[in-house]
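Trainee: Mapping of the sequence shown onto the working numbering: position 76 corresponds to residue 76, and the numbering continues sequentially without gaps.
Hints may be right or wrong, so weigh each one.
[Unchecked claim] For each label pair, taking beta carbons as the anchor points, the in silico distance ranges come out as:
1) Arg8 <-> Pro95: 30 to 40 Å
2) Pro58 <-> Ile26: 27 to 37 Å
3) Lys66 <-> Gln29: 33 to 43 Å
If you're looking for bench data, these hints aren't it; they were derived computationally from the structure.
Because the structure is a prediction, the values reported are computed rather than measured.
Here a beta-carbon is modelled for each residue, glycine too, at the ideal position from N, C-alpha and C.
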Amino acid sequence: MIPRNEFREGKVIRATNDFGKWAKEIAQQEAVNFIDLNAITADKYDKWGPEKVKEFFPGDHTHTNKAGADVNAQSVVEGIRQNPAIALNKYLASP
Numbered sequence: 001m002i003p004r005n006e007f008r009e010g011k012v013i014r015a016t017n018d019f020g021k022w023a024k025e026i027a028q029q030e031a032v033n034f035i036d037l038n039a040i041t042a043d044k045y046d047k048w049g050p051e052k053v054k055e056f057f058p059g060d061h062t063h064t065n066k067a068g069a070d071v072n073a074q075s076v077v078e079g080i081r082q083n084p085a086i087a088l089n090k091y092l093a094s095p
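Just need the whole structure built from these sequences, with the hints factored in.
Mentor: Here it is in structure tokens:
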């Protein structure tokens, strides 16, 4: 799960106690690779701040536009690259 467009004290609210936590637990239980899209994307949102991030959420605080989807896709690639054990790495072009 990616973070929603919800900030508290200048930082995006992360899903570390619910959806993100549950997804990670299931991945561990099933012994599969886990890409923490919530953390990867939240780090970007924190860096950019609420005004910039708002541009990615035109209709509500949950669903992004194409530019936001591109950010999320880039986060997936970053997550794959962070774990050399993920076989999809062989299909990624060099950065």
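Trainee: Is the gap between the beta carbons of Pro58 and Ile26 within 27 to 37 Å?
Mentor: holds, 31 Å
Trainee: Taking the CB of Arg8 and the CB of Pro95, does the distance hold inside 30 to 40 Å?
Mentor: For Arg8 and Pro95 the Cβ distance comes to about 32 Å; the hint holds.
Trainee: CB of Lys66 to CB of Gln29, is that within 33 to 43 Å?
Mentor: holds, 34 Å
Checked against the numbered hints given earlier, the structure satisfies every one of them.
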